[in-house]
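Residue strings, one per chain:
2 protein chains.
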Amino acid sequence: MNWPARFARRTELMQRSAVRELLKVTGRPGMISFAGGLPAAELFPVEALEAATQRVFASRARPALQYGETEGVPGLRDWIADRFSSASNPLTRDHVLITAGAQQALDLLARVLVNDETPVIVENPTYLAFLSAWRPFGARFIPVAVDNDGLQVDQVEALPESESRLLYTIPDFQNPSGVSLSHERRRQLIEVADRRQTLIVEDVAYRALRFEGDELPSLMDLASGRGSAQVVQLGTFSKTLAPGLRIGWVLGEPQLIDKLVLAKQAADLHTSTFNQHVVLEAVSSGLLEEHLPRLKSAYRERCDAMLSSLRDCFPAKASWTQPTGGLFVFVTLPEGVSVRKLLAEAIEQNVAFVPGDEFFCDHQGSSTLRLNFSHSAPTVIREGIQRLGALLEK
Amino acid sequence: MNWPARFARRTELMQRSAVRELLKVTGRPGMISFAGGLPAAELFPVEALEAATQRVFASRARPALQYGETEGVPGLRDWIADRFSSASNPLTRDHVLITAGAQQALDLLARVLVNDETPVIVENPTYLAFLSAWRPFGARFIPVAVDNDGLQVDQVEALPESESRLLYTIPDFQNPSGVSLSHERRRQLIEVADRRQTLIVEDVAYRALRFEGDELPSLMDLASGRGSAQVVQLGTFSKTLAPGLRIGWVLGEPQLIDKLVLAKQAADLHTSTFNQHVVLEAVSSGLLEEHLPRLKSAYRERCDAMLSSLRDCFPAKASWTQPTGGLFVFVTLPEGVSVRKLLAEAIEQNVAFVPGDEFFCDHQGSSTLRLNFSHSAPTVIREGIQRLGALLEK
Numbered sequence: 001m002n003w004p005a006r007f008a009r010r011t012e013l014m015q016r017s018a019v020r021e022l023l024k025v026t027g028r029p030g031m032i033s034f035a036g037g038l039p040a041a042e043l044f045p046v047e048a049l050e051a052a053t054q055r056v057f058a059s060r061a062r063p064a065l066q067y068g069e070t071e072g073v074p075g076l077r078d079w080i081a082d083r084f085s086s087a088s089n090p091l092t093r094d095h096v097l098i099t100a101g102a103q104q105a106l107d108l109l110a111r112v113l114v115n116d117e118t119p120v121i122v123e124n125p126t127y128l129a130f131l132s133a134w135r136p137f138g139a140r141f142i143p144v145a146v147d148n149d150g151l152q153v154d155q156v157e158a159l160p161e162s163e164s165r166l167l168y169t170i171p172d173f174q175n176p177s178g179v180s181l182s183h184e185r186r187r188q189l190i191e192v193a194d195r196r197q198t199l200i201v202e203d204v205a206y207r208a209l210r211f212e213g214d215e216l217p218s219l220m221d222l223a224s225g226r227g228s229a230q231v232v233q234l235g236t237f238s239k240t241l242a243p244g245l246r247i248g249w250v251l252g253e254p255q256l257i258d259k260l261v262l263a264k265q266a267a268d269l270h271t272s273t274f275n276q277h278v279v280l281e282a283v284s285s286g287l288l289e290e291h292l293p294r295l296k297s298a299y300r301e302r303c304d305a306m307l308s309s310l311r312d313c314f315p316a317k318a319s320w321t322q323p324t325g326g327l328f329v330f331v332t333l334p335e336g337v338s339v340r341k342l343l344a345e346a347i348e349q350n351v352a353f354v355p356g357d358e359f360f361c362d363h364q365g366s367s368t369l370r371l372n373f374s375h376s377a378p379t380v381i382r383e384g385i386q387r388l389g390a391l392l393e394k
Numbered sequence: 001m002n003w004p005a006r007f008a009r010r011t012e013l014m015q016r017s018a019v020r021e022l023l024k025v026t027g028r029p030g031m032i033s034f035a036g037g038l039p040a041a042e043l044f045p046v047e048a049l050e051a052a053t054q055r056v057f058a059s060r061a062r063p064a065l066q067y068g069e070t071e072g073v074p075g076l077r078d079w080i081a082d083r084f085s086s087a088s089n090p091l092t093r094d095h096v097l098i099t100a101g102a103q104q105a106l107d108l109l110a111r112v113l114v115n116d117e118t119p120v121i122v123e124n125p126t127y128l129a130f131l132s133a134w135r136p137f138g139a140r141f142i143p144v145a146v147d148n149d150g151l152q153v154d155q156v157e158a159l160p161e162s163e164s165r166l167l168y169t170i171p172d173f174q175n176p177s178g179v180s181l182s183h184e185r186r187r188q189l190i191e192v193a194d195r196r197q198t199l200i201v202e203d204v205a206y207r208a209l210r211f212e213g214d215e216l217p218s219l220m221d222l223a224s225g226r227g228s229a230q231v232v233q234l235g236t237f238s239k240t241l242a243p244g245l246r247i248g249w250v251l252g253e254p255q256l257i258d259k260l261v262l263a264k265q266a267a268d269l270h271t272s273t274f275n276q277h278v279v280l281e282a283v284s285s286g287l288l289e290e291h292l293p294r295l296k297s298a299y300r301e302r303c304d305a306m307l308s309s310l311r312d313c314f315p316a317k318a319s320w321t322q323p324t325g326g327l328f329v330f331v332t333l334p335e336g337v338s339v340r341k342l343l344a345e346a347i348e349q350n351v352a353f354v355p356g357d358e359f360f361c362d363h364q365g366s367s368t369l370r371l372n373f374s375h376s377a378p379t380v381i382r383e384g385i386q387r388l389g390a391l392l393e394k
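Protein chains in written order, with the numbering used here: chain A, 1 to 394; chain B, 1 to 394.
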């Protein structure tokens, strides 16, 4: 009996993620990994998380180990609602669903919003695992280019209205490009979405990691109070606390949250009550206020190390983005360089990265690569970029 | 803008689970809950789990808090492969995928195996959240009745061959009926499946909770070495350790596991590395060998309390199953009793249960109810059954 042959129809739409497969190689000792989107493990607030865990065991071990509500632990939903409320956009726990990381938020949204051939506007390039989450549910992606000010909203406006039902965007320190949507374009996008009743899925996974410049308003905040522009926002503690806990969330209209709860009941009943309690303990005691400045300062230093090494070691005709936060720099090499060949050679030199074309839904970007700067110390970053530069010089 | 109206197609297939909704009422102080499938929180091995957590923090905090492989933590996959290996059916980590509880195992299997109108043979009644997990992917359920020896395999054999592609069963202490598939019927089922190349999804969530009689061979073990009979088995630590950790697994052919890994990548990247390490620490130190006898002895006492109270307090014309393990007793009331009305009155008397018709895919079972005996102490069980008996007497 042959599995794939008998049960192949839906799985044809599932593609093995090169990024996830790379993670296995990058565990090799001595490997300098610019692949993956791994936060720096040496910066995890281990002691504070251990203390939070002990407090959970001391104060509510049994409820934290028992089944819980699909919606999530009420105290954590309250904390998130409070954190993201604004005067124009007050939120309650009814606007919040706790998920197994932001990835599950994407999966649940696909179940509720996507049917066969549903058109979905996406940044091109965009988050690879968004594409692989939504593709099997039948999404038809409509790519819109990204420049240094983020998604080119003029191109969204130029699309036929029938194609403007749904839009997925990472406005802050986008994965993979590292760029942010400018304030002006945020206003413009909300206006277009308002006029066309576009639903915007706003992914703020990297938003808390700004190490330079002023915070820009979120699309959710800009949309609040407008007639029909609706934004559903998803976030995660993976980049601010630790990804191994798998705690993320969706913020949206209670009617939508209600549908997502039904999808989540079927998907996994609920997210680990234990981990939700640990995160709640940690953030209620002010851990983020203490930890985020430390994290951002380290990431700024790492990003600076990468940008200056790129200037020193990469060919004059290469260009790259200038992130003010997040985890990634996106590099465009001179035409004609084979990025796949470069990767094979780089891995022999114990350096890993992700080819940029992985992130384009239409297979563009053959001369681009994504470099992660959060995972390695500055000296390691300089060494890795030097090795890549030497390979490019050949 | 109205959510359900714009995005209703797929969500029409999602139904709010009465069981999950009931969990909210059952949290009310003073409520005696025979609803839900909650293990006894007072029996959780809290100290051992806290010690395991401390060992994880002491020995590998950073890898346990970092992203991990989609397949799961290798050491835990090895432990599970080892635990379920037999001479005729040797397993390695390549046969194992770690999931967010057994519920996610069901969800991932649906993604890989179910397309529009895929026929799926199910026990009738069966696990409610299985039905709600597989329905939105397009499963067409083919109900087969259950008696005191479990699934009526003769009825499976009588089905047309074209309807025998996939079968879902809980052979041990089935939810909701509490009955187990007899040894004879297990052999018969494997023979039928072998002849027809049926894929069997074997849910062993309750298998470790036998408190009476000898263990029966699993369908996976019976099928091993046969030509075409294939079994994929799913299990969980929710009933043996604690459900709040959300750690389950799938055991199957590596080709199938590989497809499930793709589905899981898109669903939530991976299951909490932290919780996997905690469970691995706990089970490697022999916690199950120490804890399970205690748990089973308590559940036997609770089951006995329920069965003897039913004899004392329920009408002579009512009948119920005689579980030798698991969490549930299934009651059939005399014709004409309205179980929905009984539930409304019971909740006023602070007693909750789940109407049995919830578990039938064809809305039969209107005079049945499922009673959980694991969640309450024997004295509480007696009090609750007395109250139900008094309501029935009226």
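Any given hint could turn out to be false.
[What the hints assert, rightly or not] Label-pair distances were calculated between CB atoms; the ranges are:
hint, chain 1, residue 1, chain 2, residue 2, range
1, A, Ala51, B, Ser338, 48 to 56 angstroms
2, B, Gly286, A, Asp82, 37 to 45 angstroms
3, B, Val380, A, Ser284, 30 to 38 angstroms
4, A, Glu117, B, Pro143, 45 to 53 angstroms
5, B, Pro254, A, Asp362, 41 to 49 angstroms
6, A, Asp154, B, Arg83, 30 to 38 angstroms
7, B, Ser338, A, Glu290, 37 to 45 angstroms
8, B, Arg62, A, Glu163, 15 to 23 angstroms
9, A, Glu290, B, Ala87, 49 to 57 angstroms
10, B, Pro254, A, Thr92, 45 to 53 angstroms
11, B, Ala58, A, Thr332, 57 to 65 angstroms
12, A, Ser284, B, Ser285, 27 to 35 angstroms
13, B, Gln54, A, Glu290, 18 to 26 angstroms
14, B, Arg62, A, Asp82, 45 to 53 angstroms
[What the hints assert, rightly or not] Covered stretches of chain B (in silico footprint by chain A; criterion: 3 or more residues with CB under 8 angstroms from a CB of chain A, positions within the stretch not fixed):
hint, stretch
15, 66 to 77
16, 215 to 226
17, 270 to 277
18, 308 to 322
[Said to hold, decoys possible] Among chain A residues calculated to face chain B with C-beta under 10 angstroms, some are:
hint, residue
19, Tyr67
20, Ala208
21, Leu262
22, Ser376
23, Thr379
These are computed hints drawn from the structure, not numbers from a lab. Backbone N, C-alpha and C fix where the C-beta goes; we use that ideal spot for every residue, glycine too.
Hints, one by one, checked against the model:
{"no.": "1", "hint": "A/Ala51 with B/Ser338: 48 to 56 angstroms", "verdict": "holds (53 angstroms)"}
{"no.": "2", "hint": "B/Gly286 with A/Asp82: 37 to 45 angstroms", "verdict": "holds (44 angstroms)"}
{"no.": "3", "hint": "B/Val380 with A/Ser284: 30 to 38 angstroms", "verdict": "holds (33 angstroms)"}
{"no.": "4", "hint": "A/Glu117 with B/Pro143: 45 to 53 angstroms", "verdict": "violated (33 angstroms)"}
{"no.": "5", "hint": "B/Pro254 with A/Asp362: 41 to 49 angstroms", "verdict": "violated (33 angstroms)"}
{"no.": "6", "hint": "A/Asp154 with B/Arg83: 30 to 38 angstroms", "verdict": "violated (59 angstroms)"}
{"no.": "7", "hint": "B/Ser338 with A/Glu290: 37 to 45 angstroms", "verdict": "violated (58 angstroms)"}
{"no.": "8", "hint": "B/Arg62 with A/Glu163: 15 to 23 angstroms", "verdict": "violated (45 angstroms)"}
{"no.": "9", "hint": "A/Glu290 with B/Ala87: 49 to 57 angstroms", "verdict": "holds (55 angstroms)"}
{"no.": "10", "hint": "B/Pro254 with A/Thr92: 45 to 53 angstroms", "verdict": "holds (47 angstroms)"}
{"no.": "11", "hint": "B/Ala58 with A/Thr332: 57 to 65 angstroms", "verdict": "violated (46 angstroms)"}
{"no.": "12", "hint": "A/Ser284 with B/Ser285: 27 to 35 angstroms", "verdict": "holds (32 angstroms)"}
{"no.": "13", "hint": "B/Gln54 with A/Glu290: 18 to 26 angstroms", "verdict": "holds (23 angstroms)"}
{"no.": "14", "hint": "B/Arg62 with A/Asp82: 45 to 53 angstroms", "verdict": "violated (30 angstroms)"}
{"no.": "15", "hint": "66 to 77", "verdict": "holds (count 5)"}
{"no.": "16", "hint": "215 to 226", "verdict": "violated (count 0)"}
{"no.": "17", "hint": "270 to 277", "verdict": "holds (count 6)"}
{"no.": "18", "hint": "308 to 322", "verdict": "violated (count 0)"}
{"no.": "19", "hint": "Tyr67", "verdict": "holds (5 angstroms)"}
{"no.": "20", "hint": "Ala208", "verdict": "violated (17 angstroms)"}
{"no.": "21", "hint": "Leu262", "verdict": "holds (4 angstroms)"}
{"no.": "22", "hint": "Ser376", "verdict": "violated (14 angstroms)"}
{"no.": "23", "hint": "Thr379", "verdict": "violated (19 angstroms)"}
In terms of the numbered hints stated before, the structure departs from hints 4, 5, 6, 7, 8, 11, 14, 16, 18, 20, 22, 23, listed from lowest to highest.
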